[in-house]
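Peer 1: Below are the chains, spelled out letter by letter.
Number of protein chains: 4
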Amino acid sequence: MTGGTFDKEYNELSGTLFFKDTHLPEMLRLGRSRVDVSVRTLMMVDSLDMTDADRALIVAQCRQAPESQVVITHGTDTMVETARTLAAAFPAASGKTIVLTGAMVPYAFGSSDGLFNLGSALSFVQCLAPGVYVAMNGRCFEWSRVRKNKETGVFESA
Amino acid sequence: MTGGTFDKEYNELSGTLFFKDTHLPEMLRLGRSRVDVSVRTLMMVDSLDMTDADRALIVAQCRQAPESQVVITHGTDTMVETARTLAAAFPAASGKTIVLTGAMVPYAFGSSDGLFNLGSALSFVQCLAPGVYVAMNGRCFEWSRVRKNKETGVFESA
Amino acid sequence: MTGGTFDKEYNELSGTLFFKDTHLPEMLRLGRSRVDVSVRTLMMVDSLDMTDADRALIVAQCRQAPESQVVITHGTDTMVETARTLAAAFPAASGKTIVLTGAMVPYAFGSSDGLFNLGSALSFVQCLAPGVYVAMNGRCFEWSRVRKNKETGVFESA
Amino acid sequence: MTGGTFDKEYNELSGTLFFKDTHLPEMLRLGRSRVDVSVRTLMMVDSLDMTDADRALIVAQCRQAPESQVVITHGTDTMVETARTLAAAFPAASGKTIVLTGAMVPYAFGSSDGLFNLGSALSFVQCLAPGVYVAMNGRCFEWSRVRKNKETGVFESA
Chain B
191 MTGGTFDKEY NELSGTLFFK DTHLPEMLRL GRSRVDVSVR TLMMVDSLDM TDADRALIVA
251 QCRQAPESQV VITHGTDTMV ETARTLAAAF PAASGKTIVL TGAMVPYAFG SSDGLFNLGS
311 ALSFVQCLAP GVYVAMNGRC FEWSRVRKNK ETGVFESA
Chain H
191 MTGGTFDKEY NELSGTLFFK DTHLPEMLRL GRSRVDVSVR TLMMVDSLDM TDADRALIVA
251 QCRQAPESQV VITHGTDTMV ETARTLAAAF PAASGKTIVL TGAMVPYAFG SSDGLFNLGS
311 ALSFVQCLAP GVYVAMNGRC FEWSRVRKNK ETGVFESA
Chain S
191 MTGGTFDKEY NELSGTLFFK DTHLPEMLRL GRSRVDVSVR TLMMVDSLDM TDADRALIVA
251 QCRQAPESQV VITHGTDTMV ETARTLAAAF PAASGKTIVL TGAMVPYAFG SSDGLFNLGS
311 ALSFVQCLAP GVYVAMNGRC FEWSRVRKNK ETGVFESA
Chain D
191 MTGGTFDKEY NELSGTLFFK DTHLPEMLRL GRSRVDVSVR TLMMVDSLDM TDADRALIVA
251 QCRQAPESQV VITHGTDTMV ETARTLAAAF PAASGKTIVL TGAMVPYAFG SSDGLFNLGS
311 ALSFVQCLAP GVYVAMNGRC FEWSRVRKNK ETGVFESA
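Chains as they are written, first to last, in the working numbering: chain B, 191 to 348; chain H, 191 to 348; chain S, 191 to 348; chain D, 191 to 348.
Because the hints were derived from the structure by calculation, they are not lab data. Treat the hints with care, as some may be off.
When chains are identical, the list treats them as one kind, so a pair holds in a single copy or across two.
Listed next, the in silico EDC-like pairs over lysine to aspartate or glutamate satisfying Cα-Cα at most 16 Å (straight line) [as the list claims (entries may be wrong)]: (1) Lys210 to Asp242; (2) Lys340 to Glu202; (3) Lys338 to Glu202; (4) Lys338 to Asp244; (5) Lys210 to Glu199.
Everything numeric in this text was worked out from a predicted model, so none of it was measured.
Could you put together the complete structure from these sequences and hints?
Peer 2: See below:
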């Protein structure tokens with residue numbers, strides 16, 4: 191978990207959005223997931239605020255993780271940039287399948303795409319060959335062939 | 191769509207559960223899905239009430255569908271039985287990848303696993319080899335190696 | 191609390207509706223209620239199954255309660271019948287204002303009227319003269335002048 | 191309707207909160223309300239941005255309304271200030287009962303107090319004597335005896 195819209199909450203005193211804890215365990219419970227996972231919160235940031243140091247930390251944590259299949263929840267605005275950094279660190283020969291996903295609407299809000307995207311990312315990561323991917327809108331893209339369309343909010347082939 | 195818990199609704203006059211329309215289009219919209227799909231409602235039944243004729247209809251519709259990738263939403267109680275019928279009709283050589291999924295709690299209720307399962311099934315169907323599968327609990331099983339544990343409600347290896 | 195649709199839940203193993211615990215404390219929290227209340231669960235039954243003994247228990251508990259303002263959550267089907275029993279036991283001279291309310295859709299489901307009705311009943315009970323009332327659909331009726339229209343599910347003047 | 195947190199929505203492209211349309215009709219439908227109402231949207235603003243001209247418009251609209259009972263949805267931050275303006279314009283002799291209410295969390299989000307507050311305000315307005323009131327947290331205060339505690343977000347006696 192790295193934060194992103196996925197995990198934003200509404201602060202009812204200030205009327206602004208903020209990060210508290212990740213909703214991932216609750217989402218896995220809601221989805222009745224029985225996928226064997228180990229959940230780690232690396233940071234809780236808006237992806238527009240993500241620094242090179244943050245990305246280096248993500249790479250380091252992926253390297254340290256014994257798992258060969260990794261899902262990263264991430265803000266959508268710079269998801270592709272983080273995917274590029276990961277791709278440089280984890281060539282196919284590394285044996286790691288890494289899938290980034292996120293949400294357009296916070297899970298805590300009424301109408302989030304988060305649960306759909308989580309089910310999607312967890313599934314793609316189990317059957318794709320080693321590499322770095324972005325799973326959004328029910329589709330999965332190789333990291334180098336995707337961009338977020340800022341006008342529609344949709345991830346599309348690039 | 192064949193019905194199942196996925197699409198059950200609460201009748202506020204009688205206090206009982208019933209089927210009206212499928213929620214699938216609404217769920218795809220909520221998930222911001224951009225997977226190219228054609229949606230067909232074959233029936234709206236509780237899977238315990240599903241007959242051989244119903245299963246023959248499902249097979250016939252899959253055969254008629256030009257798509258090589260098919261997701262079937264289905265009640266969980268007899269999902270494996272329908273998967274067996276489909277497997278007899280669609281050997282790997284048929285080129286069809288068929289993934290059955292469902293829900294433990296109706297989508298219309300607060301805490302459904304439906305959106306997670308739909309994201310999962312739509313993703314598995316895009317990357318698995320031809321065959322018949324059951325996608326539940328974030329996992330995907332070959333039709334001949336899965337059973338629903340009636341005590342826990344979880345699909346497990348068999 | 192006496193049960194009723196208000197507090198019905200979905201049993202995901204059997205696919206049927208059942209009672210577990212009352213959702214009232216959670217609903218008061220969601221409504222940010224600061225009304226000073228004491229919450230008691232008297233029973234958890236479908237109002238169609240409510241017996242004379244159950245109604246006698248409700249009367250006894252209201253009598254024992256030191257509060258002069260009481261809200262009773264109750265199944266809608268026999269709400270008026272229980273109101274009549276209460277009215278016989280608590281004439282205006284008793285100083286008690288008793289408001290019965292309920293829900294057409296369980297709170298645990300997506301689209302319940304429960305939170306609206308609870309806000310309404312808690313408000314009416316604070317400003318009405320002693321007597322027995324039914325608060326549904328945003329309106330409040332004296333117990334002797336209301337009936338549930340079984341065809342529309344709406345409480346109306348009688 | 192004047193806007194306020196009640197009617198804020200999440201803009202999934204910019205990740206910010208904004209106003210679109212009021213959710214009031216949908217909320218009345220969800221609450222199965224049968225209270226005879228006429229709904230008017232006067233403005234859609236954050237109450238911190240509300241000007242004297244906005245308040246004059248609210249007064250003018252209340253004066254013009256043939257109804258003697260009025261509920262105003264309003265941002266919580268300056269709700270008491272608007273109540274004061276209304277009180278100057280509508281003394282008890284005016285025969286108008288005006289109840290202001292709002293929400294701490296937008297209705298469109300998962301965990302809003304909006305539906306509870308709406309049920310509460312609609313009920314108080316039906317039984318209180320002419321005057322100007324604030325209905326929040328399940329309670330109702332005369333306009334001159336309430337303040338919002340900015341630290342807790344709770345309306346309390348002042």
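Peer 1: Hints numbered earlier in the text: which of these fail when held up against the supplied structure?
Peer 2: 1 and 4
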